[in-house]
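Student: Single-letter residue listing:
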Amino acid sequence: MDSLLQFLFSGLTVGAVYALVALGFTIIYNASDVVNFAQGEFVMLGGMITVFAHEAGIPLPLAALLAVVLTAAIGVALNKLAIEPARGAPVVSIIIITIGASIFIRGASQLIFDKQLHRLPSFSGDAPIRIGGATILPQSLWVIGGALIVFVALWLFFTRTLTGKAVLATANNRLAAQLVGINTRAIMTLSFALSAAIGALAGVLATPITLVSYDVGVALALKGFAAAMLGGMGNPKGALVGGLLLGLFEALTAGYLSSQYKEAVAFIVILAVLFAMPQGLFGAKSTERV
Amino acid sequence: MTLLHIEGLGINFGGLKAVDNVSFAAAAGQVTSVIGPNGAGKTTLFNMISGVYTPGSGRVALDGDNVTGIHPSQLARRGLSRTFQNLQIFQDMSVLDNALAGFHLSERGSVWGDMLSLPAARRRARDARDGAMKLLKRVRLDDLASEVAGNLSYGQLKRLEIARALGVGPRVLLLDEPAAGCNAVETEEIDTLIAELAASGIAVLLVEHDMKLVMRISHHVVVLDHGQMIAEGDPESVSQNPEVIKAYLGTEAVDNVAG
Numbered sequence: 001m002d003s004l005l006q007f008l009f010s011g012l013t014v015g016a017v018y019a020l021v022a023l024g025f026t027i028i029y030n031a032s033d034v035v036n037f038a039q040g041e042f043v044m045l046g047g048m049i050t051v052f053a054h055e056a057g058i059p060l061p062l063a064a065l066l067a068v069v070l071t072a073a074i075g076v077a078l079n080k081l082a083i084e085p086a087r088g089a090p091v092v093s094i095i096i097i098t099i100g101a102s103i104f105i106r107g108a109s110q111l112i113f114d115k116q117l118h119r120l121p122s123f124s125g126d127a128p129i130r131i132g133g134a135t136i137l138p139q140s141l142w143v144i145g146g147a148l149i150v151f152v153a154l155w156l157f158f159t160r161t162l163t164g165k166a167v168l169a170t171a172n173n174r175l176a177a178q179l180v181g182i183n184t185r186a187i188m189t190l191s192f193a194l195s196a197a198i199g200a201l202a203g204v205l206a207t208p209i210t211l212v213s214y215d216v217g218v219a220l221a222l223k224g225f226a227a228a229m230l231g232g233m234g235n236p237k238g239a240l241v242g243g244l245l246l247g248l249f250e251a252l253t254a255g256y257l258s259s260q261y262k263e264a265v266a267f268i269v270i271l272a273v274l275f276a277m278p279q280g281l282f283g284a285k286s287t288e289r290v
Numbered sequence: 001m002t003l004l005h006i007e008g009l010g011i012n013f014g015g016l017k018a019v020d021n022v023s024f025a026a027a028a029g030q031v032t033s034v035i036g037p038n039g040a041g042k043t044t045l046f047n048m049i050s051g052v053y054t055p056g057s058g059r060v061a062l063d064g065d066n067v068t069g070i071h072p073s074q075l076a077r078r079g080l081s082r083t084f085q086n087l088q089i090f091q092d093m094s095v096l097d098n099a100l101a102g103f104h105l106s107e108r109g110s111v112w113g114d115m116l117s118l119p120a121a122r123r124r125a126r127d128a129r130d131g132a133m134k135l136l137k138r139v140r141l142d143d144l145a146s147e148v149a150g151n152l153s154y155g156q157l158k159r160l161e162i163a164r165a166l167g168v169g170p171r172v173l174l175l176d177e178p179a180a181g182c183n184a185v186e187t188e189e190i191d192t193l194i195a196e197l198a199a200s201g202i203a204v205l206l207v208e209h210d211m212k213l214v215m216r217i218s219h220h221v222v223v224l225d226h227g228q229m230i231a232e233g234d235p236e237s238v239s240q241n242p243e244v245i246k247a248y249l250g251t252e253a254v255d256n257v258a259g
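Quick note, the sequences are listed as chains Z and W, same order.
All residue numbers for the first sequence refer to the UniProt record's numbering, where the first residue is 1 and numbers rise by one.
All residue numbers for the second sequence refer to the UniProt record's numbering, where the first residue is 1 and numbers rise by one.
Hints in this document: simulated from the structure, not taken from any laboratory.
Glycine residues also receive a C-beta, built at the ideal position from the N, C-alpha and C atoms.
Check the hints yourself; a few may be wrong.
Claimed, not checked - Here are some, though not all, of the chain W residues that point toward chain Z, as calculated from beta-carbon distances under 8 Å:
1. His71
2. Ser81
3. Phe90
4. Ala101
5. Gly109
Said to hold, decoys possible - Take a look, some chain W residues computed to stay more than 12 Å from chain Z by CB distance:
6. Ala61
7. Ser110
8. Lys137
9. Glu186
10. Asp210
With these hints in hand, go ahead and build the complete structure from the sequences.
Tutor: Put into structure tokens, the structure is as follows:
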């Protein structure tokens, strides 16, 4: 029983990181129908920039803020330099561009930073908190709390604000959105900035637990993608639930089967979702009008 | 008062002159119709005026300001709105949300105010909702407000698109074949609606194939053929213009009319 609780805690922690990556996917997907496979690199950049800024003597909160802002700027640059020039290209081509961008960002980080594993000090100490026979690290609570706050903020953003609705309108019909006065180019820029910022935040929160190096982005992007697919692409609620579920699956597999199989879980989830319910748990059934 | 000035507008697609040197003006409170056989360049002309295509030559002026080739979202801000022959509807949204989208520019509020649902934000959202419902009533779609737009019939979507375009509060409204695919009753409703819109002071620019409708409600008619403007004037004189009859019916018909 105690071990189950322990697996649940670690599953929720990892799941919250996946949820944050999946939430980043959600925004860009909502604005453009594009799955941005560079999303994992945003997480890596968030962690790496914070580590190097902190080592350079900048206080941790400031270093984290710097990382989020810089990563958001890199997200905007990605949109302006790689995505916007390809406007009008099929969605698949743009997805491939994002894969190329992710390889580029990874390579550049390897040169600019280094190839070592880095860690950050925990935000509120390393003393484990005991809950019912199991323990949880304070940093885990930061990660889970961060995922919940970002989720609520995004939910309100998409359902209540004009800008959020403009993002949805842009995805639904770009020309129609322009006709009612929505500046669709600014909306795209905003989506990339927001997505990158959320990715960076995930990196900042998770680095004290998971460590960071230039190549952590690939696995995170795949896991986040699996989470978003499981929950239903484009739905913030789906991203949160999908992320947490995937984390729990992984933790339980590692705990009760073998940690060797842990990595396979995400891929089994992707396959199962694609076979059984391509729209995911909360995704809208897509209907093509003929 | 002329609101929209078109001067020497033209565009080439490859070697094809889709529209060549077209000039006319549209006045507030009047219906100006653009007619012509299929492929005459009417929709291309509309696409240039509304910023969807950038004109190869010529000039579009809105209320004296040069607006040639500026982005559709900017034109919406300046009070030019349009509908499409092949519909540009938010298919996944409800009918009401489609109409509400038309109010995007008039709704202004801070992101934080909206997220926290402050009273001012709620009031503004309610006002926009009331406005959208009024427009839906005007195009007789109010009973379908909560339906998903994708489920509507073609004729209903045409009316929904007009409602959304009206939400922008246009001074110039471009309607591309609003009556296409509508039955006789629906056509008559659209007829009445367009006349009302013009009477309210909007400069209505109309592309339409239903000649009866055009002749009944237009104040001014512009005729295109093969991208060229071949005639212009009031409906009466245009319908008797031999060039126009030739474009629509061929030369023999003109000979018969003349003989």
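Student: Run every hint past the structure and note whether it holds.
Tutor: How the hints compare with the structure:
1. For the restraint placing W/His71 at the interface with chain Z, the shortest Cβ-Cβ distance is roughly 7 Å, inside the 8 Å limit, so the hint holds.
2. The interface hint given for W/Ser81 holds, since its Cβ lies 7 Å from the closest Cβ of chain Z, which is under the 8 Å cut-off.
3. For W/Phe90, the shortest C-beta to C-beta distance to chain Z is roughly 5 Å, which falls under 8 Å, so the interface hint holds.
4. At its closest, the beta carbon of W/Ala101 sits 5 Å from a beta carbon of chain Z; the interface hint therefore holds under the 8 Å criterion.
5. Evaluation of the W/Gly109 hint against chain Z yields a held restraint, the C-beta minimum of about 6 Å falling below 8 Å.
6. No beta-carbon of chain Z comes within 12 Å of the beta-carbon of W/Ala61; the shortest separation is about 20 Å.
7. Separation of W/Ser110 from chain Z is inadequate, the least Cβ-Cβ distance of about 9 Å not exceeding the 12 Å criterion.
8. Every C-beta of chain Z lies more than 12 Å from that of W/Lys137, the closest at about 19 Å, which supports listing it as non-interface.
9. With a least CB separation of 20 Å from chain Z, W/Glu186 remains clear of the 12 Å interface cut-off, as annotated.
10. No beta-carbon of chain Z comes within 12 Å of the beta-carbon of W/Asp210; the shortest separation is about 24 Å.
The structure fails to meet hint 7 from the earlier list, while all remaining hints are met.
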